[in-house]
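Position 409 (the sequence shown) corresponds to 409 in the working numbering; numbering is contiguous.
When the alpha-carbon atoms are kept at most 20 Å apart in a straight line, the in silico SDA-like pairs for lysine to any residue are as follows:
#, residue 1, residue 2
1, K209, A239
2, K292, P260
3, K357, P294
4, K292, L253
5, K316, A347
6, K209, Q179
7, K105, E133
8, K209, A184
9, K218, A206
10, K108, T90
11, K281, P260
12, K357, S387
13, K357, W385
14, K316, N327
15, K291, W423
16, K281, G308
17, K424, L358
18, K357, R319
Just the calculated beta-carbon pair ranges, DEER-fashion:
#, residue 1, residue 2, range
19, T415, F2, 53 to 59 Å
20, K218, Q165, 21 to 27 Å
21, T415, D277, 37 to 43 Å
22, Y75, S221, 48 to 54 Å
Because the hints were derived from the structure by calculation, they are not lab data.
On a predicted model such as this, the values are computed, not experimentally measured, just so you know.
Even glycine gets a Cβ: it sits at the ideal position worked out from N, Cα and C.
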Amino acid sequence: MFRILIFLIVVFCLGLGFAWLADRPGEMVITFNGYQYQVTLMVAAAAAVTVIAAVMITWWILKSIWNSPRAVGRYFRARRRDRGYQALSTGLIAAGSGDSGLARKMGKQAQGLMSADQEPLIHLLEAQTMLLEGRHDNAREKFEQMANDPETRLLGLRGLYLEAQRLGEGEAARHYAEQAAEAAPQLTWASNAAIETQTISGNWDAAMKLVATQASTKQISKEEAAQRRAVLLTAKSMASLDIDTTAARSAALEASKLAPEFVPAVLAAGQALLRNDEIRKATRLLENSWKKSPHPEVADLYIHARAGDSTHDRLKRARRLESLKKNHVESALAVARAANDAGEYLAARQAIEAALKLQPRESAYLLLADIEENETGDQGRVRHWLSKAVRAERDPAWTADGYVSEQWAPASPITGALGAFEWKVPVERLGTVIEAVEEEFEPDIPVISVMADSTEDDEMPVIEEEPPQQEAADGEPPADSETPADTQIDAKNDSNQEADNTKEQPAAIAEAGPVAADSEAPVEEKSIDTAGKEKPVKAEAETEPDTSAEDDKVPPHPIPDDPGVEEGEAGKETPGRFRLF
Numbered sequence: 001m002f003r004i005l006i007f008l009i010v011v012f013c014l015g016l017g018f019a020w021l022a023d024r025p026g027e028m029v030i031t032f033n034g035y036q037y038q039v040t041l042m043v044a045a046a047a048a049v050t051v052i053a054a055v056m057i058t059w060w061i062l063k064s065i066w067n068s069p070r071a072v073g074r075y076f077r078a079r080r081r082d083r084g085y086q087a088l089s090t091g092l093i094a095a096g097s098g099d100s101g102l103a104r105k106m107g108k109q110a111q112g113l114m115s116a117d118q119e120p121l122i123h124l125l126e127a128q129t130m131l132l133e134g135r136h137d138n139a140r141e142k143f144e145q146m147a148n149d150p151e152t153r154l155l156g157l158r159g160l161y162l163e164a165q166r167l168g169e170g171e172a173a174r175h176y177a178e179q180a181a182e183a184a185p186q187l188t189w190a191s192n193a194a195i196e197t198q199t200i201s202g203n204w205d206a207a208m209k210l211v212a213t214q215a216s217t218k219q220i221s222k223e224e225a226a227q228r229r230a231v232l233l234t235a236k237s238m239a240s241l242d243i244d245t246t247a248a249r250s251a252a253l254e255a256s257k258l259a260p261e262f263v264p265a266v267l268a269a270g271q272a273l274l275r276n277d278e279i280r281k282a283t284r285l286l287e288n289s290w291k292k293s294p295h296p297e298v299a300d301l302y303i304h305a306r307a308g309d310s311t312h313d314r315l316k317r318a319r320r321l322e323s324l325k326k327n328h329v330e331s332a333l334a335v336a337r338a339a340n341d342a343g344e345y346l347a348a349r350q351a352i353e354a355a356l357k358l359q360p361r362e363s364a365y366l367l368l369a370d371i372e373e374n375e376t377g378d379q380g381r382v383r384h385w386l387s388k389a390v391r392a393e394r395d396p397a398w399t400a401d402g403y404v405s406e407q408w409a410p411a412s413p414i415t416g417a418l419g420a421f422e423w424k425v426p427v428e429r430l431g432t433v434i435e436a437v438e439e440e441f442e443p444d445i446p447v448i449s450v451m452a453d454s455t456e457d458d459e460m461p462v463i464e465e466e467p468p469q470q471e472a473a474d475g476e477p478p479a480d481s482e483t484p485a486d487t488q489i490d491a492k493n494d495s496n497q498e499a500d501n502t503k504e505q506p507a508a509i510a511e512a513g514p515v516a517a518d519s520e521a522p523v524e525e526k527s528i529d530t531a532g533k534e535k536p537v538k539a540e541a542e543t544e545p546d547t548s549a550e551d552d553k554v555p556p557h558p559i560p561d562d563p564g565v566e567e568g569e570a571g572k573e574t575p576g577r578f579r580l581f
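Take these sequences, add in the hints, and give me the full structure.
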């Protein structure tokens with residue numbers, strides 16, 4: 001575009017010059033070698049321009065001919081380079097999609113078209129292809145070569161870091177990350193790994209410097225940087241509490257200011273203040289934290305703030321927490337614990353009942369079991385509450401990456417991530433869920449299994465029922481059960497027999513006379529066989545035992561039993577029948 005503009009400007013200037021000459025006519029006389037040449041001024045100007053243009057064109061042609069071999073070579077080199085970049089691009093895409101065969105083919109083609117020194121991405125394609133093919137040793141060697149090259153140093157360190165993590169070599173991975181962080185602090189993965197290294201080694205000041213670097217390079221936001229600094233300051237305070245209480249106090253107070261709702265920082269600050277006998281300041285700090293987010297560890301530290309307090313004084317402090325956060329499960333549990341320690345079992349029971357209404361969980365039932373044992377010593381009731389605790393919802397705990405810890409820690413023991421621990425309910429135990437579901441949906445009727453009654457011609461469904469187990473009185477063996485042949489009835493005859501029994505029931509009761517409340521009069525039962533004739537059936541001589549205590553138990557599944565077909569009826573077609581065992 002710029003060249004076209006210059007060309008237009010030149011043409012415009014020439015046009016103006018010729019127009020100016022045309023307006024001023026004149027002649028030009030040239031005397032040479034005794035001859036005199038006379039032409040107009042316009043013709044002389046046109047001839048001069050033509051000569052100059054001819055010289056320029058001739059020079060351009062000669063120059064093109066002179067440089068043509070170099071131009072031809074440059075053209076072929078550019079074409080070869082373009083083909084190499086195309087092969088490299090295709091190979092990287094194939095490596096990213098997991099096609100090791102195509103990636104290896106394109107890598108060889110790119111190497112043939114371009115040198116590795118000319119394009120460092122060829123090294124990356126080779127290393128990725130080796131990883132896809134499972135040649136991790138060769139890939140590590142390639143990454144080491146890349147780490148020694150200043151142009152690909154960071155890429156090689158990244159590959160070595162990932163390989164060390166894959167092999168579980170945490171120390172080697174952190175070593176490579178530290179080298180990458182020194183060379184390029186703006187790398188997020190390198191700075192995070194370096195922070196994890198400093199955290200594990202307990203070098204809190206170096207870790208905070210790295211966090212400040214992350215904030216300055218915009219890797220993390222200001223809020224995240226403040227949260228990470230609060231975590232590191234809290235860990236520093238906890239580590240130096242027994243060594244330097246003054247340093248621990250300043251670090252914990254700074255952490256609590258950076259993150260006022262961060263419970264570990266509040267706890268560290270409270271412990272440091274109590275160590276320095278600043279009970280009033282520690283009390284205010286803990287009360288403010290309790291108003292925002294009640295936590296059992298805050299309650300425990302607040303209640304035991306003064307070592308010389310009696311159990312009733314601690315109960316008063318627990319009631320103070322309850323007044324600050326009413327109708328909260330943690331407030332009720334704090335009062336219940338303090339009342340149990342003070343021997344005020346009635347108040348403890350009232351508090352624990354309030355906690356159970358708010359949230360029935362494991363710690364509430366465990367505390368109720370402790371109250372029961374301290375007050376009555378009834379082991380049966382204690383076991384009852386313990387069984388309730390097993391099936392209740394779990395209490396919140398410090399959890400990070402599925403790992404549950406009794407105490408807060410600055411980093412996760414699984415991944416090493418900073419500030420990974422959270423106060424939340426852990427993943428529910430599978431056995432607890434199954435037991436709770438079984439208890440909730442426990443049937444109150446015997447198990448009925450449906451079987452197929454096989455005959456020669458067809459198959460009909462048969463329902464088998466398992467009655468409750470009966471025990472004979474006075475150590476006698478149980479009465480014999482009815483035989484399948486005596487209890488098999490036709491569906492039509494069954495309905496007729498029920499109608500007859502309904503009519504005969506008042507007469508049987510009248511003949512039996514008065515009967516004791518806890519016994520039943522023996523009644524002669526009759527059954528109808530397949531031929532339609534009545535025959536006596538042995539009545540149950542013993543009274544069924546009271547099985548109300550075993551209602552919650554599910555009877556065992558009945559054993560399949562098929563007595564077959566009666567004699568004389570093997571060749572007959574038998575309709576569907578019910579078998580009552």
